[in-house]
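Novice: Following the hints, position chain B against chain A.
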Amino acid sequence: MSKNAIIAGLVVFVAAALFPFWFNIGGTNAAPEAELSAKAKAAKKCVLDKYDMRANHMTILNDWRTSVVRNSDRMYKSTNGKTFGMSLSTGEDSCLGCHTDKAKFCDKCHNYASVNPYCWECHTDPKEVTNEK
Amino acid sequence: MNQKYMLPLAGVFLLFLLAYAGVEGAGLEWFFGIVIPYLAVIAFIWGFVTRVIGWANSAVPFRIPTTCGQQKSLPWIKQNRIDNPDTALGVFIRMLFEIFLFRSLFRNTKAAFNTDENNKLTYSWEIFLWLGALAFHYGFLVVILRHLRFFLEPVPAFLTFLEYVDGIVQIGLPGVFISGIVLLGAALFLLARRIFDAKVSYISLAADYFPLFLIIGIAATGIAMRYFTKVDITGVKEFTMGLVTFNPVIPPGVGGLFYAHVFMVSVLFAYFPMSKLMHAGGIFLSPTRNMANNTRAKRHINPWNYAVDIHTYEQYEDHFREKMIEAGLPVDKEA
Numbered sequence: 001m002s003k004n005a006i007i008a009g010l011v012v013f014v015a016a017a018l019f020p021f022w023f024n025i026g027g028t029n030a031a032p033e034a035e036l037s038a039k040a041k042a043a044k045k046c047v048l049d050k051y052d053m054r055a056n057h058m059t060i061l062n063d064w065r066t067s068v069v070r071n072s073d074r075m076y077k078s079t080n081g082k083t084f085g086m087s088l089s090t091g092e093d094s095c096l097g098c099h100t101d102k103a104k105f106c107d108k109c110h111n112y113a114s115v116n117p118y119c120w121e122c123h124t125d126p127k128e129v130t131n132e133k
Numbered sequence: 001m002n003q004k005y006m007l008p009l010a011g012v013f014l015l016f017l018l019a020y021a022g023v024e025g026a027g028l029e030w031f032f033g034i035v036i037p038y039l040a041v042i043a044f045i046w047g048f049v050t051r052v053i054g055w056a057n058s059a060v061p062f063r064i065p066t067t068c069g070q071q072k073s074l075p076w077i078k079q080n081r082i083d084n085p086d087t088a089l090g091v092f093i094r095m096l097f098e099i100f101l102f103r104s105l106f107r108n109t110k111a112a113f114n115t116d117e118n119n120k121l122t123y124s125w126e127i128f129l130w131l132g133a134l135a136f137h138y139g140f141l142v143v144i145l146r147h148l149r150f151f152l153e154p155v156p157a158f159l160t161f162l163e164y165v166d167g168i169v170q171i172g173l174p175g176v177f178i179s180g181i182v183l184l185g186a187a188l189f190l191l192a193r194r195i196f197d198a199k200v201s202y203i204s205l206a207a208d209y210f211p212l213f214l215i216i217g218i219a220a221t222g223i224a225m226r227y228f229t230k231v232d233i234t235g236v237k238e239f240t241m242g243l244v245t246f247n248p249v250i251p252p253g254v255g256g257l258f259y260a261h262v263f264m265v266s267v268l269f270a271y272f273p274m275s276k277l278m279h280a281g282g283i284f285l286s287p288t289r290n291m292a293n294n295t296r297a298k299r300h301i302n303p304w305n306y307a308v309d310i311h312t313y314e315q316y317e318d319h320f321r322e323k324m325i326e327a328g329l330p331v332d333k334e335a
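So the sequence lines, in the order shown, correspond to chains A and B.
So that you can map any letter, position 51 of the first sequence is 51 in our numbering, and since no number is skipped, the others follow by simple counting.
So that you can map any letter, position 226 of the second sequence is 226 in our numbering, and since no number is skipped, the others follow by simple counting.
Read the hints as simulated data drawn from the structure, not as lab findings.
A portion of the hints provided could be inaccurate.
[To be verified] Only pairs whose alpha carbons sit at most 25 Å apart, straight line, appear in this in silico DSS-like list of lysine-lysine:
1) A:LYS82 - A:LYS50
2) A:LYS45 - B:LYS230
3) B:LYS276 - B:LYS4
4) A:LYS41 - A:LYS82
5) A:LYS104 - A:LYS41
6) A:LYS104 - B:LYS230
7) B:LYS276 - A:LYS44
8) B:LYS230 - A:LYS77
9) A:LYS50 - A:LYS77
10) A:LYS104 - A:LYS50
11) B:LYS120 - A:LYS82
12) A:LYS3 - B:LYS276
13) A:LYS77 - A:LYS3
14) B:LYS230 - A:LYS108
15) A:LYS50 - B:LYS230
16) B:LYS298 - B:LYS199
17) A:LYS39 - A:LYS127
18) B:LYS276 - B:LYS110
19) A:LYS3 - B:LYS298
20) B:LYS120 - B:LYS199
21) A:LYS82 - A:LYS39
So here's chain A without its partners, still in its complex pose (with noise of 0.2 Å):
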């Protein structure tokens, strides 16, 4: 094999392995903050701790969509003592309610850690479709 040419996969194979490093040229290592409703703020306690929460809320989403559908238990007991209707969107104790903003508080970090959930294929952000109207 002609030493151009392995000369020329390697310099390929070096920019690849590189890739994440030369994309990220000027990126920063931020984080995006969920911004917490004033709502949010005053109530200072949600379903779980906020660490537990970030790594969680998709599990308990999941629970509580079984509670509700397979056994119309719609109100969940937090281990704080707190309770919260079990629902994404709907009342003033379900998630929305409480985040009253999607795109500040769900969608930052699902769209910074590229996760696309499912939800919104049945669940609608209230107040999207209020300004629509």
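Specialist: Frame of chain A, contents of chain B only:
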């Protein structure tokens, strides 16, 4: 049970525990999360390039392509242009088939004695190694590409699309990625083959088991984090983005399992260039695969050939002519 696989297994457990305990017990996040990954990247690239340059500098004394078909011959004999290529294009196409479809493995056969009274040796087509290898490599490729979402900001559209396709079954939450399951399943199959197939087991060494255990460990910790123990994904991306922008940060609330995963991946990368995993680069430099079978058309000169001092008959006769005449021996040229 033998030490050929017990040692690597214990080694991978130790690596896992080292990182897990180092982070959970001693708070060495910066070491396992920042120092080790950077060293691993350097070792991987430097080692890979050095290995390939070493091969590039090796002489290829003979033109010895392996062939599986009729070579170029008389015009009325049909040549197999891909399996016995005589042009660079043919070599390129054969290489594509080899790299993307593992074509030579597809022809894998196994030898066994018939169980009836003939006890005849028979060869049969053995496709499972090919299937397992293909599943393993493509599963791993998709997993690695998917992980780019942690290293790129903004995340390019092709990754979002890849994730969509990979997660298309929509089972559970977070949704199952098919590639992760395929990777772990195929790695376990390749391991089982080495352990339970007596003939393969006999030729398997610690260096064959270690990468398998390591990859199984990586896949298992990754799957555990995504589906079972859960981890703060935004924090993880903050961490990985810190690494690739040379501005490392240790995010709060990310635990030992994540660092154990990162540590094992780093070990895999650092180990890559000094192990059999270098077949990734070696496939391109295999003299039996990257040369055209055109020995009957072109002369291939051995680069090891050096000038040999020869003594022709004429020189011999010049040297001994008088003595030869004296002894009555015939000579070509009279003095």
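Novice: State for each hint whether it applies.
Specialist: Here is what the structure says about each hint:
no. : hint                : verdict
1   : A:LYS82 - A:LYS50   : holds, 15 Å
2   : A:LYS45 - B:LYS230  : holds, 21 Å
3   : B:LYS276 - B:LYS4   : holds, 16 Å
4   : A:LYS41 - A:LYS82   : holds, 15 Å
5   : A:LYS104 - A:LYS41  : holds, 14 Å
6   : A:LYS104 - B:LYS230 : holds, 23 Å
7   : B:LYS276 - A:LYS44  : violated, 55 Å
8   : B:LYS230 - A:LYS77  : holds, 22 Å
9   : A:LYS50 - A:LYS77   : holds, 17 Å
10  : A:LYS104 - A:LYS50  : holds, 17 Å
11  : B:LYS120 - A:LYS82  : violated, 76 Å
12  : A:LYS3 - B:LYS276   : holds, 23 Å
13  : A:LYS77 - A:LYS3    : violated, 69 Å
14  : B:LYS230 - A:LYS108 : holds, 19 Å
15  : A:LYS50 - B:LYS230  : holds, 14 Å
16  : B:LYS298 - B:LYS199 : violated, 41 Å
17  : A:LYS39 - A:LYS127  : holds, 15 Å
18  : B:LYS276 - B:LYS110 : holds, 23 Å
19  : A:LYS3 - B:LYS298   : holds, 20 Å
20  : B:LYS120 - B:LYS199 : holds, 18 Å
21  : A:LYS82 - A:LYS39   : holds, 15 Å
The structure shown violates the earlier hints numbered 7, 11, 13 and 16.
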